[in-house]
Amino acid sequence: MAFAIPTISYTGKIKEVVLGKGPKAVTIGGETSYPFHFFEGDAPHAPRIAIEVYDAAPDDWADAALEPYKDVLNDPVAWAKKAVETYGAELIALQLVSTDPNGLNRSAEEAAATAKKVASAVDVPVLVWGSGSADKDAEVLRKVTEVCDGMNLVIGPIVEGNYKQVGAGAIAYKHTVAACSPIDINLAKQLNILLGNLGVPDGQLIVDPTTGGLGYGIEYTYSVMERDRMAALTQQDERLQFPLICNMAKEVWKTKEAKLKTEDAPTFGDAKKRGILMESVTAVTLLLAGADVLVMRHPEAIKLVREMIGDFKTK
Amino acid sequence: MVTHKVTFHPSERSIRVDQGENLLQAAMEAGIHINASCGGSATCGKCKVRLLSGKVDSPPHQKLSEEEYRSGYRLACLTSVTDDIGVDVPLESQVDRSVLALKGDRGSARYLLSPKDIFQLVRGWDVDPTVFKRYLELDPPTLQDNKSDLTRLINGLAKRHGIEGVSADFRAIMKLSRVLRDSDWKVTVTLVLTKRGYKLINVEPGDNTRQNYSIVIDLGTTTVFGQLLDLNQCTVVGCPDGQCDGTTLFALAEASDYNAQISYGEDVITRIVYSQKPGGLKKLQEVVVGTINGIIEELLTMSGVDRSLISHFVVAGNTTMTQLFLGLDPKYIRETPYVPTAHFVPPVRAVHLGINIGDHVHVYIFPMVASYVGGDIVAGILGSGIFQREALTLYMDIGTNGEIVLGNKDWLASVSCSAGPAFEGAGIKFGMRATRGAIEEVGINPHTYEPMILTIGRAKPLGICGSGLIDAVSALLETKMIDQNGKFHRDIPTERLRNGADGYEYVLAWKEETRLQEDIAINEIDIENLMRTKAAIYAGCKVLLDSVGLGFKDLEQVIIAGGFGRHLDVEKAIFIGLLPEIDINNFIFVGNGSLLGARLLSFSKDLLKETERISLMMTNLELSNHNGFMNEFIGAMFFPHTDATAFPGVMKRLQQPGREESSLKSAGVVS
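Which chain is which? The protein sequence lines are E and P, in order. Residue numbers for the first sequence follow our numbering, beginning at 1 and rising by one. Residue numbers for the second sequence follow our numbering, beginning at 1001 and rising by one.
Hints were generated in silico from the structure; no laboratory data involved. Backbone N, C-alpha and C fix where the C-beta goes; we use that ideal spot for every residue, glycine too. Some hints could be false.
[What the hints assert, rightly or not] Reference excerpt, derived from the structure (chain E facing chain P, CB under 10 Å, subset only):
| hint | residue |
| --- | --- |
| 1 | 104 |
| 2 | 106 |
| 3 | 190 |
| 4 | 197 |
| 5 | 236 |
[As the list claims (entries may be wrong)] Here are the computed distance ranges between Cβ atoms for each label pair:
| hint | chain 1 | residue 1 | chain 2 | residue 2 | range |
| --- | --- | --- | --- | --- | --- |
| 6 | E | 161 | P | 1012 | 44 to 54 Å |
| 7 | E | 236 | P | 1499 | 38 to 48 Å |
| 8 | E | 236 | P | 1065 | 52 to 62 Å |
| 9 | P | 1648 | E | 2 | 35 to 45 Å |
| 10 | E | 101 | P | 1263 | 35 to 45 Å |
| 11 | P | 1344 | E | 234 | 48 to 58 Å |
Build the full structure now, drawing on both the sequences and the hints.
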């Protein structure tokens, strides 16, 4: 008898979510099997990569990460355009780091104006990401939803502490929300249920499971994402059938392995190559765990990962 | 007992109740909302209903005008049902039918469970107390018959009562000669069966055999309960003037108090830590004995029984509480590999522990299984009769430590999880034990958000006990005042929802309606504490079932023990996810499980052997290093549960079109 590869029978499907508007709008999700298990099911939409844009010049980036964007660091609009035009970004992830109450503490109005400018300057979908302070984000992201009425941005991170304020804004002004929970499948599902109870339509919800960088707890993220997909696809867990986004660049690039200069750590090898590989390996790991959208930083890492996605698809 | 049918209009729902049942209580049980915010103490005047047919016993009241009374209006809380009746619920209390339809017909199933009778659960035992009294009339010694007093007594026991092999306790010998002569050789002796035969522990003048009492104590981390038993009658001693009609409490000699050790830590771990401080163990031993002595005092006062007539004392507690009570260092209970000092502790003389009771009395201690599965759970298993039955049974003792046992007559497996004291009223702002004035049942009108509350003893409210808390959270969830994470929606159009000193809260009773100087409210922190407790219990059950390859659907019976109050509304406990969603007829509520077992042990010495067998056959599963428990716990930290498929009926009720739109309005984005 010929050997037959055991296959898994799936009963669920990841919901499709459209990001952005117009001809460059992107659809994600729709998987009916585990990541890249093309022999078992379908994945109509390949994973996408969003390129990071900061709303204020970063002061702690590694040289390798700064180099490609050195001429646009102080201008988020120009930065976004360069990401699209030079590096072929399919999505932009605008990080509103300047709103951090422990940093520049810029106002919600200012941040929302920046978001609108960036989103109007590019034709690809834009993800707008707050500083991670739940209270400040409630104010900032709420304002962004309002000022960018109807642009179908992705708004994140939405957490249990601010889901009502931001979620209500996303419903009213038609944006997609990224629900963020601290590396726990139950908490992820609870937030999805709460957003559903609030009235966020399924087609406007994606999940950020919280990501660690390579060597910094990525195995936890991997395992939670893996369980998320198992529950969604094989256990009909309807409130987990949402696409996954991993806001990974800032996690990778804050590690010492990605940041240390060559001369400060000669045994670590070339700093640029090291950072790019750290980012690439993190990205591929998360793709294998089931990520639908990756937020990335270095153009060369992005190129490598894109090629790999292409390779996976053709086999 | 005569029963009557009560029909509520306009919803046409009906329920059968016993003769003399209170109408407000009947409505609560039928799931009919009638505004009532004074707990049924006839002060708020809101529970007005109009009698359409039949006769009732209900006096006029200042809140009813003469005209109203003439046209049939009555206060439901003052009304006793003595006939088949129809009543009209006034508009301000009505709930529309679509809401009622979802609740199912509460008239046809037993949702509200009261503690079961002791004799129903355990079979095949004889009334034969370990400690018993016998009356003897002896011939005085003469020069010809000059045996010693003790030999005379022992011979007399053999001759008159056929009791052989009696040894004597030295303390009994000390007073023997005097008592015999003072009583003209007519005495009552107290004997106890020990492993080495009968032991004579007391001699009293005259015939005292009719008065043989025992005290049983449930030694909880948060609450200590005690009961006074009549060993001849096999009952809990009744109080003079006590009645059991729902309004008069203290029908039986029962008393409870918070364990005074609480001041040294709320849970067993902090108590163990405290015991390691210099003098800590001694202090903890003294204060808990103080609590027990207070309870003994109360039991004796309320029953009028004399202290000297108590001849038996049984204690069931968790392992840590038992060790602290005995003054045994509990240090190794919390250090791996978590072992207690002893599984079996022989009877200890009560006076040696500082207990204020006759010096002949010995304390019987329920054997312990493991560091976190104590004598209280062994007592519960004994009392609930699981060890005799074929049916697969889950026993849940919901206390500060949630203790759960699964099995039947052939095998028993247990887990213990730290659940918190929420159901005993601790850690809840207006929480209290289930005593007079505690809000024990709650309903909320989904349109007006007005509450319907009933208190124990129908007194003005003083606080809320476990059963009231379950009802309140269930009602808040069903009326969509809180979301599934237990947080209030902040735009509910009622002044009862407000931002108080401890965050958002719902006012159950305004201060004028209470016996306090402030409003009684339930806040988000209370709800979170309750959520933790219910999550730990549910997760513990789930892990225990998983570990033996079973699920909730396999259970033939679920026995619930705990200090919630006088009843447990199973439907509401399921609604919040404390209990699994299985057939409501499979649940039994036994009230205080360890007292149930302790009573049996007092009544029958045969059960002493069963108790030992139970403690030996129980296999304990340690949750502290269990991988799946934390995951199950977080999953259960949601109302009713993160896994909606485990609660299909509850989810159906929750998914009724609700107030999503208004929550958007509150965020100011939809006009």
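Taking the hints in turn, this is what the structure says about them:
{"no.": "1", "hint": "104", "verdict": "27 Å, violated"}
{"no.": "2", "hint": "106", "verdict": "23 Å, violated"}
{"no.": "3", "hint": "190", "verdict": "5 Å, holds"}
{"no.": "4", "hint": "197", "verdict": "6 Å, holds"}
{"no.": "5", "hint": "236", "verdict": "8 Å, holds"}
{"no.": "6", "hint": "161(E) with 1012(P): 44 to 54 Å", "verdict": "46 Å, holds"}
{"no.": "7", "hint": "236(E) with 1499(P): 38 to 48 Å", "verdict": "40 Å, holds"}
{"no.": "8", "hint": "236(E) with 1065(P): 52 to 62 Å", "verdict": "60 Å, holds"}
{"no.": "9", "hint": "1648(P) with 2(E): 35 to 45 Å", "verdict": "43 Å, holds"}
{"no.": "10", "hint": "101(E) with 1263(P): 35 to 45 Å", "verdict": "40 Å, holds"}
{"no.": "11", "hint": "1344(P) with 234(E): 48 to 58 Å", "verdict": "49 Å, holds"}
Violated hints, listed in ascending order, are 1, 2; each of the other numbered hints is respected by the structure.
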